[in-house]
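Peer 1: As they're listed, the protein sequences go chains R and E. For the first sequence, position 200 (counting from the first letter as 1) is numbered 200 according to the working numbering, and the numbering increases by one without interruption. Position in the second sequence counted from 1, then plus 327, gives you the working numbering.
Possibly wrong hints are sitting among the right ones.
Claimed, not checked - Calculated from the model, a selection of chain E residues having no Cβ within reach of chain R, i.e. all distances over 12 Å:
| no. | residue |
| --- | --- |
| 1 | 387 |
| 2 | 553 |
| 3 | 586 |
Unchecked claim - Facing chain E, from chain R, some residues (calculated, C-beta under 7 Å):
| no. | residue |
| --- | --- |
| 4 | 74 |
| 5 | 78 |
| 6 | 87 |
| 7 | 105 |
| 8 | 111 |
| 9 | 112 |
| 10 | 271 |
| 11 | 272 |
| 12 | 274 |
It should be emphasised that the hints constitute simulated quantities derived from the structure, not laboratory data. The beta-carbon is built from N, C-alpha and C at its ideal position, and this holds for glycine as well.
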Amino acid sequence: MTEPVVLVHDLVKRYGEVEAVRGISFEVQPGETFGFLGPNGAGKSTTIKILCTLAEPTKGSARVAGFDVVKQRDMVRRNIGLVFQDTTLDSYLTGEQNLRFHADLYGVPRAQLQPRMRQVLDMVGLWDRRQAEVATYSGGMKRRLEIARGLLHAPRVLFLDEPTVGLDPQTRSSIWEYINDLKQREDITIFLTTHYMDEAENCDRIGIIDHGKIVAIDTPENLKASVGTDRVQISTANDEAAIKEIKDTFGLDAAMHEGMVTFNVEEGEHFVPRLFAELKQQIRSVSVARPSLDDVFMSYTGKTIRDAEATVGDRNRAHMMAFRRGR
Amino acid sequence: MAIEVSSPDAEQVTEAIRVSVPEAGLRQDLRAVNIVWRRELIRFRNDRLRMVTSLVQPILFLFVLGTGLGSLAGHGLPHGIDFKTFIYPGVLAMSVLFTAIFAAASIVWDREFGFLREMLVAPVSRSALVIGKCLGGATVATFQGLVILALAGVAHVPYDLGLFLTVIGELLLLSFTLTAFGVMMAGRIKQMQAFMALTQMLVMPLFFLSGALYPLNGLPAWLSVLTRLDPLTYIVSPMRHAVFSHLNIPPQALHQIAPGVTWNGWEVPVGLSLGMVALMGAVLLGIAIVEFRRTE
Numbered sequence: 001m002t003e004p005v006v007l008v009h010d011l012v013k014r015y016g017e018v019e020a021v022r023g024i025s026f027e028v029q030p031g032e033t034f035g036f037l038g039p040n041g042a043g044k045s046t047t048i049k050i051l052c053t054l055a056e057p058t059k060g061s062a063r064v065a066g067f068d069v070v071k072q073r074d075m076v077r078r079n080i081g082l083v084f085q086d087t088t089l090d091s092y093l094t095g096e097q098n099l100r101f102h103a104d105l106y107g108v109p110r111a112q113l114q115p116r117m118r119q120v121l122d123m124v125g126l127w128d129r130r131q132a133e134v135a136t137y138s139g140g141m142k143r144r145l146e147i148a149r150g151l152l153h154a155p156r157v158l159f160l161d162e163p164t165v166g167l168d169p170q171t172r173s174s175i176w177e178y179i180n181d182l183k184q185r186e187d188i189t190i191f192l193t194t195h196y197m198d199e200a201e202n203c204d205r206i207g208i209i210d211h212g213k214i215v216a217i218d219t220p221e222n223l224k225a226s227v228g229t230d231r232v233q234i235s236t237a238n239d240e241a242a243i244k245e246i247k248d249t250f251g252l253d254a255a256m257h258e259g260m261v262t263f264n265v266e267e268g269e270h271f272v273p274r275l276f277a278e279l280k281q282q283i284r285s286v287s288v289a290r291p292s293l294d295d296v297f298m299s300y301t302g303k304t305i306r307d308a309e310a311t312v313g314d315r316n317r318a319h320m321m322a323f324r325r326g327r
Numbered sequence: 328m329a330i331e332v333s334s335p336d337a338e339q340v341t342e343a344i345r346v347s348v349p350e351a352g353l354r355q356d357l358r359a360v361n362i363v364w365r366r367e368l369i370r371f372r373n374d375r376l377r378m379v380t381s382l383v384q385p386i387l388f389l390f391v392l393g394t395g396l397g398s399l400a401g402h403g404l405p406h407g408i409d410f411k412t413f414i415y416p417g418v419l420a421m422s423v424l425f426t427a428i429f430a431a432a433s434i435v436w437d438r439e440f441g442f443l444r445e446m447l448v449a450p451v452s453r454s455a456l457v458i459g460k461c462l463g464g465a466t467v468a469t470f471q472g473l474v475i476l477a478l479a480g481v482a483h484v485p486y487d488l489g490l491f492l493t494v495i496g497e498l499l500l501l502s503f504t505l506t507a508f509g510v511m512m513a514g515r516i517k518q519m520q521a522f523m524a525l526t527q528m529l530v531m532p533l534f535f536l537s538g539a540l541y542p543l544n545g546l547p548a549w550l551s552v553l554t555r556l557d558p559l560t561y562i563v564s565p566m567r568h569a570v571f572s573h574l575n576i577p578p579q580a581l582h583q584i585a586p587g588v589t590w591n592g593w594e595v596p597v598g599l600s601l602g603m604v605a606l607m608g609a610v611l612l613g614i615a616i617v618e619f620r621r622t623e
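With the hints as constraints, model all of the structure from the sequences given.
Peer 2: Following this line, the structure appears as structure tokens:
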């Protein structure tokens, strides 16, 4: 097996009293697309900052592209591309000028610059707009330009911190098309963070992070399989009678959700024929849903990602209040 | 937003262009200095409004103040010397003052708009970034000075190549030092309003105390001490010396209007004066570099 391109061991980051990252360990293999999924404030951005040499760990170690993030900072920087949550473009320069600036800072050889610039700009569909000032770009175009810029010096790992936050759904999906496309073209490892469940599905592997700890790490399929049950929703002529009947006949707890009789059962497709055969209530409609990453998050943390964000907010506020009182 | 299809020949370029990034070193750092410097020039060229607005004040001083006060203050000057001529070196210094500080202020903007981060995560030394920024500020500010220099005739100053080269050199030194000062401040002050307020608060007194608008001799003791403490004094005085020595005026009159800086009666030589400014620029630059090493 090849050496992992990201290797994190027992990483801890403390900000004053707050422990943002609480001892995490994981590896990312070359060529993988690895995603950190978790609510805001779970420790995703802190971890990515440490990996990008923008913050020093309180404890533990991390290696990226074979280099230590504390001791070999410049070597790490040379081998990574970064796309942050907030834009880091100079909007008074053109797209091309932004890329040239980057190329000079990273020392991209001049002979390779022009073809490489063409390649990355083509990849994100901005070659035709390269002469326009970035101030005239839409939000999605800016993000794409940042992705192109992050790739310009041919990094081994591309870090995307919430690459689609603040974009409308259509632009989000187009950004993902570009990311998936670049995986085909470039020999690159992608490390991203997101709090969108649907985006995490694009990853080869996902680490679910909550309260500064990794609670699960696996492929999206395996994670969903680990939840075990599918969600079945039916509507019937008499829902209350149906709920009672399901309990009596199959021993399953059903409840009303979204106006439908809802219950979880293993191998939902195989269960549906039995349901039709044995349920006396007339069934008007039926739907079977595989577990989503939402269900996964729920099953590992006992709450939905939205609930988790609400509590993180409360916790931070509570901490701020304590901090103020303490002064 | 529609999903755009990339241009047709994109498909042909499936093989990734091999990019090999070289080891860090002096050449790399020089390339970084160069691009940071060039970015200042590009942004300045694109920002015509800034060019015009920062020229308004010195031109106001030269024409309006120079002409208006001329009838009053002119009597104290030797015969045949216009008040406009007298304040011309000071106005030259003023023309670079605001542009240099504004160039440094762009670091505060860069931080606010995130671009600073793009620079700070790059595998180049912080000193390369700071030096590039200071050189950029110095160049852009000196361009401004050139516009005032072109107006020499209005102030009855001859268009003399030697004089112009001397003055340009002095303007470069002044604007580099001012930008270094601004960059040092920008390392600490993260908010634009605070930065502007503080630098304005410091720059105006520095300008007024530098003797840019009045001669340094015959001042009350308190003001005399303050002018000697003002670093700008040590650049305005050599500039005045350069300009007036190219005018056709008798030595005695020259001494009266351009007395030079004196310490307890000893006249500070022009070389020492300039050397002190250069040293201060270097020290400010050093502090700025240390400050930016510490951020993130």
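Peer 1: Hint by hint, note whether the structure agrees.
Peer 2: Here is what the structure says about each hint:
Distance check on residue 387 of chain E: its Cβ is at least 28 Å (rounded) from any Cβ of chain R, clearing the 12 Å threshold; non-interface status holds. Against chain R, the non-interface label of residue 553 of chain E holds: every CB pair exceeds 12 Å, the least being about 39 Å. Look at residue 586 of chain E: its CB is around 45 Å from the nearest CB on chain R, clear of 12 Å, so calling it non-interface holds up. The interface hint given for residue 74 of chain R is met, as the beta carbon of that residue sits about 4 Å from the closest beta carbon of chain E, less than 7 Å.
For the restraint placing residue 78 of chain R at the interface with chain E, the shortest Cβ-Cβ distance is roughly 4 Å, inside the 7 Å limit, so the hint holds. For residue 87 of chain R, the interface hint holds, since its Cβ comes within 7 Å of a Cβ in chain E; the closest pair sits about 6 Å apart. Against a cut-off of 7 Å between C-beta atoms, the interface hint on residue 105 of chain R holds, since the closest Cβ of chain E lies about 4 Å away. The beta carbon of residue 111 of chain R is not positioned within 7 Å of any beta carbon in chain E (closest approach about 10 Å), and the interface hint is therefore violated.
Given the 7 Å rule on beta carbons, the hint for residue 112 of chain R holds: about 5 Å separates it from the nearest Cβ of chain E. Given hint, residue 271 of chain R at the interface with chain E, is violated; its Cβ is 39 Å from that chain's nearest Cβ, farther than 7 Å. The interface hint given for residue 272 of chain R is broken, as the beta carbon of that residue sits about 37 Å from the closest beta carbon of chain E, more than 7 Å. Taking 7 Å as the C-beta cut-off, the interface hint given for residue 274 of chain R is violated, the closest approach to chain E being about 44 Å.
Consistency note: the structure conflicts with the earlier hints numbered 8, 10, 11 and 12.
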